[in-house]
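Using my numbering, the letters of the sequence shown map in sequence onto residues 1 to 753.
Derived lysine-lysine pairs resembling PhoX-like cross-links, with alpha carbons at most 20 Å apart:
#1 Lys683 with Lys749
#2 Lys413 with Lys752
#3 Lys448 with Lys577
#4 Lys71 with Lys20
#5 Lys571 with Lys606
#6 Lys432 with Lys634
#7 Lys490 with Lys448
#8 Lys279 with Lys303
#9 Lys577 with Lys683
#10 Lys683 with Lys422
#11 Lys21 with Lys71
#12 Lys242 with Lys279
#13 Lys448 with Lys599
No lab work stands behind these hints: they were computed from the structure.
Model, not experiment: these values are computed from the prediction.
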Amino acid sequence: MEAVNVFEPKEEKKTDKGTKKSFPVTGMTCAACAGSVESILSHTDGVNKATVNFASNSVLVDYDENISEEKLQQALQEVGYDLIIDVKDPAGVQQELQQKYYQDIKNRTIWSAILTLPIFILGMFFMAWEPGKLISLVLTVPVLFWFGRSFFINAFKQARYGKANMDTLVALSTGIAFLFSVFNTLFPQFWLSRGIEPHVYYEAATVIITFISLGKLLEEKAKSNTSSAIKKLMGLQPKTLKVIENGEEKEIPISEVQVGQTILVRPGEKIPVDGEVSKGSSYVDESMITGEPVPVQKSKSEKVFAGTVNQKGSFQFTAEKVGGQTLLSQIIKMVQEAQGSKAPVQKLVDKIAGIFVPIVLGISIITFIVWMFVGGDTAFSQALLTSVAVLVIACPCALGLATPTAIMVGIGKGAENNILIKDAESLELGHKVNAVILDKTGTITEGKPLVTDIIWNDKSNDETKYKQIISAIEAQSEHPLAEAVVNHFKEQGVRPTEITSFESITGMGVEAESEKGIKYFVGNHKLMVKNDIQIDAALINASENLEEQAKTVIFFSNDEQVLAILAIADKIKETSKKAIATLQNKGIEVYMLTGDNNKTASAVGKQVGITHYQGEVMPSDKAAFVEKLQADGKTVAMVGDGINDSHALAQANVSIAMGKGSDIAMDVAKMTLITSDLQSIPKALELSKRTVLGIRQNLFWAFIYNIIGIPIAAGVLYPVNGFLLDPMIAGAAMAFSSVSVVANSLRLKRVKL
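Between the sequences and the hints, there should be enough to build the whole structure, so can you do that?
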């Protein structure tokens, strides 16, 4: 395949319709809230489009220039949300508020659990003890109406928009169970005079609140970590830099740097902005852009990019792009937009609840009305008991547990198989993947240059001596590949000899002299030609074969002839070919994208059996390729290990990072392979398939009790055999459905991937 064109970083610009900007949002507590924020802003005059990213609590707004940010803020404030605008560090403010909210929900969950425990013990084991009912009443009030108030508030918000979700179910079932229990506690004679035992359901109401609060706490903890990738990307840019003004060195904050200023970079420092080298030379680690482990030589007139790391030399460069125009800033912006471009995922349970809640409410009301007409002398009692039984048996406990229990077991199973899963959505989507994109360096390959071959000239009569000389020369070289040669001989126990002179020849290699005054050369073919070094025909053929295998060839010679050639390459992992074949056998298309040249891409592709590959790919190109496959209807998994993969990882449907890769890649990705073994990828996709099957089975068990139990609770058997379902039995049936769901989820533990 042809290489993708290299894209220059685009300047942040105003669109034809107006301005596009991302704002932090506060006050969102569920996916439905995110939908409300999106809907409110989208219908605000002057707004072309609004896309909410619930995971990062932000909204990307495309709006006309003539509309103020204050107007957008006011539109949300009117319905209980807020935009963070006009502050120096909006992301920092949002993070602080998010941390405060997380701490709040953590405290609420802990206190709910503490108060629920005695209520549960009293309700299950001391139900006949009358004082226990009053104690439970007192303890239940704070659990429901203080620590669990968000469920009632969110249910009210949903009702205002004519919608219903899990919060609606929780609020209705716990609220009605509580009111019914309060009536039975305060006025037990009403039922006793009619020969009916007045049961209370405080434990059912509080247990529901506690368990679902725990689920929300875990969700909020996962969400609070989603922005760490962006923060680490921002951390790649230094806070200050050194400029040269009137021949003097001066340190200034990075926010003050101007285009055209001369900037000094010393060994080991990060390059602060994009520019062009004006003086000096060095090797620069550009792995954050290209993904390639070998640093690139930079000399006068060559481009350097923000966030890349200078190696051993010092140089000066002229600033060309600063602030939001740098390539690093563009990568940050692209990652943010890729994450934000995904509409909030409305969970399957919420979709079901949207239909289920109105139906249950309708059945409960109809049950009450029917019993008022046919109940005779005890019409009201029977009507109230049956309608409450309908609501209690329809309690969302099993429905709420159906998805999270299967996912929790799936995540645990993944961890056992060296697959860390951070996001439930990726686990649910994995089984649909039909296209996998692999980065080359560090994913298919080891990501570290190694000496793979040494071929000696037949006339080289003392290999041990020459190994000592090569080791000594390369130990003084600044070339990135020299380290691979030094390490190779060090592992063989070779001790470097003494050399008396050393000279680096830019772009070719090095020249040195031994103690005996003999000249030696280590470098590329150009160095040999320049110094009229004789190369044996067999070595020429060998070097050509090695280069066809995408290996870098280094020549070693004295002042007369080439004594040996060394080949250096990024070794392919032993399991890569087998893993790729496994994916292809499952009908999944496998693609390879790399920042390396096309020749190397072709050689690696042939070795591992990949026919779809592209070389010389920039970070934005990788994400564009993901988008192209998605536009063709593919569900795409992206597998990478570097900062340069972060945009594509954020864009993909399922993102997988290699465990030995960069922290940023692992933060953006929703799955991480601890072993960096590609054979874990088919295992992860199989785990997804099994987990989704478990979720569907759970939902079946969650509903089968309702399908059978709701008509019985409504009294459908009463005309046949006089049976009426007591609300207490309804509660037991509801509990049993939860047990069934948990037991089914635990079966996943025994699955072999």
